Amino acid sequence: MISILIVDAIGFLLLGWVVNLIRKGRVYVGYGSALLITISAIICVASAPAQFVDAVTHPIAKLMSGSLPVFLVIYCTLFALIYLFREITMISRRLRNLTQQLAIELARRGGALDSGEPLSKTQYETENAAPLSHSRGA
Amino acid sequence: MLEPFERVLVAIPAYNEQATIADVVGRVRASLAEFDLLVINDGSTDSTSEILRSLGVVVATHLCNLGYGRAIQTAIKYAHQLNYDVLITLDADGQHHPEQVQRLYCESRECGWDLLIGSRYIETRDYSREPIGRRMGMQLFSVVAKLLTGRAIYDTTSGLKVMRRSVFVPLACWHCLDFHAEAIVYLLSLGYRVGESPISVAERTAGQSMYSFASLFQYPVNTGIMAAIGAVEGKLLQRRSSA
Chain A
1 MISILIVDAI
11 GFLLLGWVVN
21 LIRKGRVYVG
31 YGSALLITIS
41 AIICVASAPA
51 QFVDAVTHPI
61 AKLMSGSLPV
71 FLVIYCTLFA
81 LIYLFREITM
91 ISRRLRNLTQ
101 QLAIELARRG
111 GALDSGEPLS
121 KTQYETENAA
131 PLSHSRGA
Chain W
1001 MLEPFERVLV
1011 AIPAYNEQAT
1021 IADVVGRVRA
1031 SLAEFDLLVI
1041 NDGSTDSTSE
1051 ILRSLGVVVA
1061 THLCNLGYGR
1071 AIQTAIKYAH
1081 QLNYDVLITL
1091 DADGQHHPEQ
1101 VQRLYCESRE
1111 CGWDLLIGSR
1121 YIETRDYSRE
1131 PIGRRMGMQL
1141 FSVVAKLLTG
1151 RAIYDTTSGL
1161 KVMRRSVFVP
1171 LACWHCLDFH
1181 AEAIVYLLSL
1191 GYRVGESPIS
1201 VAERTAGQSM
1211 YSFASLFQYP
1221 VNTGIMAAIG
1231 AVEGKLLQRR
1241 SSA
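From first to last, the protein sequence lines stand for chains A and W.
Under my numbering, the residue at position 32 of the first sequence is numbered 32, and the numbers go up by one with no gaps.
Count along the second sequence from 1, add 1000, and you get the number used in my numbering.
So here's chain A without its partners, still in its complex pose (with noise of 0.2 Å):
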């Protein structure tokens, strides 16, 4: 019963990390829904009565039902994995703004670049060297 308790307590802990990760865009929705779906079966599982359990598939139930160091490799592996997710989102998200950025800033000189066709590399390098210079100069 104890343990059931814990792995409940630890699983809600993530699943409120995970909505706090996605509710401040640290971690992209796409993969917090498989989070939250995994998270939420795995509290399933836990607190569903062992015969239930037994009876829907036997060799699984008798590995999971009530083991407390399982569910907790399960979610060592778990809170890896949101803090992977979460890292990858965030440079995900500086790349998007750069991304953006770029695009506003070349719509906003109106010509130059208004090709419409994304940069080479070396007018990429060409079209940025300028600013930094001038505002090194000024």
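The set of hints was computed from the structure by calculation and includes no laboratory data.
Treat the hints with care, since some could be wrong.
[Said to hold, decoys possible] Between beta-carbon pairs, the in silico distance windows are: (1) A:W17 - W:I1132: 55 to 63 Å; (2) W:E1034 - A:W17: 44 to 52 Å; (3) W:R1151 - A:K24: 21 to 29 Å.
None of the values given here were measured: they were computed from a predicted structure.
Glycine is no exception: its CB is placed at the ideal position from the N, C-alpha and C atoms.
Since the structure of chain A is already known, use the hints to place chain W on it.
Positioned in the frame of chain A, the structure of chain W alone reads:
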């Protein structure tokens, strides 16, 4: 008719729309000559780029494909940074009639809508023309919006929207997916005025829908989670600001 001193931007997100983009830009220029036009080229790999270059239109180019939602977000950021008062978005696939935009713009100004959605279903409420998956999604999110905000929105996925400056910051800063149900729920929960006005749409003649088979499962889950979070966060923010 354009309100004096009001700056209006029409934004068209485009990804691989070589078959229709020239026609859409031409129709927008013809019927909305007094509005500024911005095309967001979302990393197109076909000849959309060349066509846009030949048209001499202002283009915000994503160096890689970021998706529809991020293209709309770029348009909102652009409109905000360049101090536009109104942003109108419409699709590049030629389904929307630019001729109807003027009426929507006037209606949004006269009725004071912060966000006005060009709605395909508000009059008929007949979703039967849509494929089964999309039909179920639209009906589901209409119900979700009603449950979460108390307001029935019949077309949560319309790409034709008129946004006023008041919603630029909340929409650009929040983590909307495709600016569909989740954005509408968030704005309604924050206390903004969201309305719908009937429009007619043409059948898609070229290009591909942005929804794949996988999005049949991903879209409702992701949008549902964001709508629920948006409803709670919007209400909390509103309560905090009124306290």
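For each hint, the structure was consulted:
One distance hint, 55 to 63 Å for the beta-carbon pair W17 (chain A) and I1132 (chain W), is violated here, with the actual separation near 37 Å. Remark: the range hint 44 to 52 Å for E1034 (chain W) to W17 (chain A) is upheld by a beta-carbon distance near 50 Å. Checked against the hint of 21 to 29 Å, the C-beta distance between R1151 (chain W) and K24 (chain A) comes to roughly 26 Å, which is consistent with it.
Checked against the numbered hints given earlier, this structure breaks only hint 1.
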